[in-house]
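Participant: Those protein sequence lines, which keep their order, are chains A and B. Using the numbering used here, you'd call the opening residue of the first sequence number 77 and step up by one each time. Using the numbering used here, you'd call the opening residue of the second sequence number 26 and step up by one each time.
For the record, the hints were derived by calculation from the structure and aren't laboratory data. Ideal Cβ placement from N, Cα and C applies to all residues, glycine included. Careful: at least some of the hints might be erroneous.
Once the Cα atoms are required to be at most 25 Å apart in a straight line, the calculated DMTMM-like pairs of lysine to aspartate or glutamate come out as [stated by the list, open to error]:
| no. | chain 1 | residue 1 | chain 2 | residue 2 |
| --- | --- | --- | --- | --- |
| 1 | A | K283 | B | D45 |
| 2 | B | K136 | B | E191 |
| 3 | B | K283 | A | E91 |
| 4 | A | K99 | B | E234 |
| 5 | A | K283 | B | E232 |
| 6 | B | K312 | A | E333 |
Looking from chain A toward chain B, a few residues come up when the C-beta cut is under 8 Å (computed) [what the hints assert, rightly or not]:
| no. | residue |
| --- | --- |
| 7 | V216 |
| 8 | D241 |
| 9 | S432 |
| 10 | I436 |
Read off the chains here:
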Amino acid sequence: MKIDRIRIRELVRKEFIQLFRDKKIRPILIVAPLIQILIFGYVVNYDIRHIRMAVLDEARTRESRLIVETFQGNGIFGITRFLHHDHDIEPLMIRGEADLVLKIGPDLSERMKQGKSAAVQLIADGSMSNMASIRVSYAVAVLQQINNTLLHELHPHAVRYGRIDPRIRTWYNPNLDSQYFFVPAIVAVIIMVISLLLTSIAIIREKETGTLEQLIVTPLTPFEFIVGKTIPYILISLAQMAVVTIFAVLWFQIPLEGSIPALFGASCLFLLSTLGIGLFISTVSSTQQQAVMTTFFFLLPFFMLSGFVFPIANMPEFVQWLTYLNPMRYFLVIIRGLFLKGVGLDVLWPQYLALSLLGIVVFSGAVGFFRKRLD
Amino acid sequence: MNRRRIQAVTRKEFYHLVRDFRSLYLAFAIPLLLILLFGYALSLDVDRIATVVVDHDRTALTRDLIRRLDASTYFTVRTILPDTKVAGEALDRGDATLAVIIPAGLTAGIKHERETAIQLLLDGSDPNFSNIARAYVNAFFDRYNQERLGVFLNRQGKSAPAQPVEGRIRIWFNEDLESRNFIIPGIIAVIIMIVGAMLTSLVIAREYENGTMETIRALPLSAGEFLMGKAIPYFLIGLTDVLAAILMAQILFGIVMKSSFWLMMAASSLYLAVALTLGLLISLLTKSQLVANQIALLITYLPSLLLSNFVFPVSNMPAILQGLTRFVPATYYIDILTGIYLKNLNFLQLWVSFAVLTVMFLTLLTANWLQLRKEGL
Numbered sequence: 077m078k079i080d081r082i083r084i085r086e087l088v089r090k091e092f093i094q095l096f097r098d099k100k101i102r103p104i105l106i107v108a109p110l111i112q113i114l115i116f117g118y119v120v121n122y123d124i125r126h127i128r129m130a131v132l133d134e135a136r137t138r139e140s141r142l143i144v145e146t147f148q149g150n151g152i153f154g155i156t157r158f159l160h161h162d163h164d165i166e167p168l169m170i171r172g173e174a175d176l177v178l179k180i181g182p183d184l185s186e187r188m189k190q191g192k193s194a195a196v197q198l199i200a201d202g203s204m205s206n207m208a209s210i211r212v213s214y215a216v217a218v219l220q221q222i223n224n225t226l227l228h229e230l231h232p233h234a235v236r237y238g239r240i241d242p243r244i245r246t247w248y249n250p251n252l253d254s255q256y257f258f259v260p261a262i263v264a265v266i267i268m269v270i271s272l273l274l275t276s277i278a279i280i281r282e283k284e285t286g287t288l289e290q291l292i293v294t295p296l297t298p299f300e301f302i303v304g305k306t307i308p309y310i311l312i313s314l315a316q317m318a319v320v321t322i323f324a325v326l327w328f329q330i331p332l333e334g335s336i337p338a339l340f341g342a343s344c345l346f347l348l349s350t351l352g353i354g355l356f357i358s359t360v361s362s363t364q365q366q367a368v369m370t371t372f373f374f375l376l377p378f379f380m381l382s383g384f385v386f387p388i389a390n391m392p393e394f395v396q397w398l399t400y401l402n403p404m405r406y407f408l409v410i411i412r413g414l415f416l417k418g419v420g421l422d423v424l425w426p427q428y429l430a431l432s433l434l435g436i437v438v439f440s441g442a443v444g445f446f447r448k449r450l451d
Numbered sequence: 026m027n028r029r030r031i032q033a034v035t036r037k038e039f040y041h042l043v044r045d046f047r048s049l050y051l052a053f054a055i056p057l058l059l060i061l062l063f064g065y066a067l068s069l070d071v072d073r074i075a076t077v078v079v080d081h082d083r084t085a086l087t088r089d090l091i092r093r094l095d096a097s098t099y100f101t102v103r104t105i106l107p108d109t110k111v112a113g114e115a116l117d118r119g120d121a122t123l124a125v126i127i128p129a130g131l132t133a134g135i136k137h138e139r140e141t142a143i144q145l146l147l148d149g150s151d152p153n154f155s156n157i158a159r160a161y162v163n164a165f166f167d168r169y170n171q172e173r174l175g176v177f178l179n180r181q182g183k184s185a186p187a188q189p190v191e192g193r194i195r196i197w198f199n200e201d202l203e204s205r206n207f208i209i210p211g212i213i214a215v216i217i218m219i220v221g222a223m224l225t226s227l228v229i230a231r232e233y234e235n236g237t238m239e240t241i242r243a244l245p246l247s248a249g250e251f252l253m254g255k256a257i258p259y260f261l262i263g264l265t266d267v268l269a270a271i272l273m274a275q276i277l278f279g280i281v282m283k284s285s286f287w288l289m290m291a292a293s294s295l296y297l298a299v300a301l302t303l304g305l306l307i308s309l310l311t312k313s314q315l316v317a318n319q320i321a322l323l324i325t326y327l328p329s330l331l332l333s334n335f336v337f338p339v340s341n342m343p344a345i346l347q348g349l350t351r352f353v354p355a356t357y358y359i360d361i362l363t364g365i366y367l368k369n370l371n372f373l374q375l376w377v378s379f380a381v382l383t384v385m386f387l388t389l390l391t392a393n394w395l396q397l398r399k400e401g402l
């Protein structure tokens, strides 16, 4: 195959001129990724820093005050409301103004003095089940702490018995900071969206305006056409990737533990797959609307089945197998490995290998398909 | 408003859609895909935590401990590894998210009634996951210790002292704590935005790009008629999607509305109208399909996914973003959806959200109309 450098260069130049001539697209290329990382960075957040708790204390004794004060002093729980009646609970929960309601019955202290357990009700808003689970487990831990204090008061000479003390050490993200987990991954999402949409639309536009026919009659070979068409978007995607990465490190203070060349290499391999898919979409679509919808059809499962928000280990086995076909899956493991774990190629090589294989298969398949359609 | 003229524009838009068969069929396939994905494949609930164990003690007691860990629904013991270093590598590779390291002498310690530490390494990359995992680990060992205490006291002929406070947990609105129950209704909000705003954002821009806007301007067509005609086909598609979503949620996943069906339809129509007018306005202002699409992605799809209390709690966001969520239509629609699907509320309890959506719709409609008048229609 003969490739003419000058012809490709001219096509790349044309593509850049065409893209930047539209004054509205310029800010979008820079602003859109930054808005995305800012919003994602702050929104995609499961950190429990503040649990809104309402208290209905029907006992009003020393013990009940101890319970309320322990929650108040915890730092995570904020007591936003003191209720006086049972029927205050429902409207509060319906309006979603409290995450947890703590209800202490009137017989708390009496039961304790008799050496019995006194029930304390914790009502949780289960609308968001995962958040509810975490909130309840925090509250149960606080109750445990209260129990220990009270037990110590009742029985100053604690029994010593053979118990296990679990000491959990959290690796990679010791403060369980959501941003550490999500912000690096957003880098992957952004290049995926941009590279898929821009390439598919760029080729469709030639089709819609009829200039594709003109390009075919020029001495440009199909291969040169594809190379010339994709290079601008590779460059734009990589530039955006760099901007977003710098932003992640400087603004969100995410430590980049691994090596930058490894990140760059993985991005190039990942782009091979996404550009291939973009090319494929543009081959089978004839209007921009079609292309946009088809892109979405691909984007959603890539995004959802990648482990970005929803853990792959939670998926049914059949779907877990499907995720092996998702380039984003590998890219996310690499990005998170590089950012959080600081691991290198020695650990991540299977991901690199899978990404290269997928990229080569998808891209060459798309090129072959495109050439066949062109003939 | 002339019915026949609106019909004509609608018919033309329908032809566009039918001729472009794939867009139409994707407008139904995408919602289907989303619901299936969320219903079957995606869950934020944590179970079957991939666990590796390093057992330096190798006694009947530690084997029993490992067996119990594996028998719990929350942990799946993958392998027993020879040493801590290998366990660390399993965490590095992501093969396991929890490593339990049983020290030599655990059994001896317990037999001599000494408190003995066990080390657990937890992959904290995913905070949602590790937060819940940590709670499960603590609960597991709490139960184990309670049992040991019971045995210990029994031997001495005593009974365990009652825990002074006993937490009785009651979960409201989503009693089984299934993430599916709130995610599937929320998905309807995202679907409406994709179909309503993303598709329509291209509709008027296309007329400009193809130069047919000039022709339309020359027709005896008023701005209102043009808008109606453009919106109707997408309104019908959107409403069909909503119905399909409701049915699938109910039939496939058993997610049933606690409140009225007609309230749901009213809310969905209103929200759909907001989405359509928003999409048309973007289309009208940008006049380019590429730009319109990017903007629609940015101001309709992403906010309805991220800034709407859908999967990410608004109460966790910084104050500025919390303020921003007040301007996202999906926030109000999802509030209504939660009310209908989980909380069993009626119109009187939800009227504020309805009112806000109505105001948004009227504002967007006026903006569209004014802009079209400016364009000379």
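Participant: Compare the structure with each hint and give your call.
Facilitator: The hints, checked one at a time:
1. Between the alpha carbons of K283 (chain A) and D45 (chain B) the distance comes to roughly 15 Å, so the proposed pair stays at or under 25 Å and holds.
2. Annotation: proposed proximity of K136 (chain B) to E191 (chain B) is violated, straight-line Cα distance about 29 Å (limit 25 Å).
3. Only pairs whose Cα atoms come within 25 Å are accepted, and K283 (chain B) paired with E91 (chain A) is rejected, the gap being roughly 54 Å.
4. Between K99 (chain A) and E234 (chain B) the CA atoms are separated by roughly 15 Å; this keeps the pair inside 25 Å, and the hint holds.
5. Under the criterion of a C-alpha separation no larger than 25 Å, the hint pairing K283 (chain A) with E232 (chain B) is consistent with the structure, at around 16 Å.
6. A hinted pair counts as satisfied when its Cα atoms are at most 25 Å apart, and K312 (chain B) with E333 (chain A) does not qualify at roughly 44 Å.
7. Taking 8 Å as the C-beta contact cut-off toward chain B, the hint placing V216 (chain A) at the interface holds, the least distance being around 6 Å.
8. Annotation: interface hint on D241 (chain A) holds; nearest CB of chain B at approximately 5 Å, less than 8 Å.
9. Here the hint on S432 (chain A) is broken, as its CB sits about 19 Å from the closest CB of chain B, past 8 Å.
10. Violation of the interface hint for I436 (chain A) is found here, the shortest Cβ-Cβ separation to chain B being roughly 24 Å, above the 8 Å cut-off.
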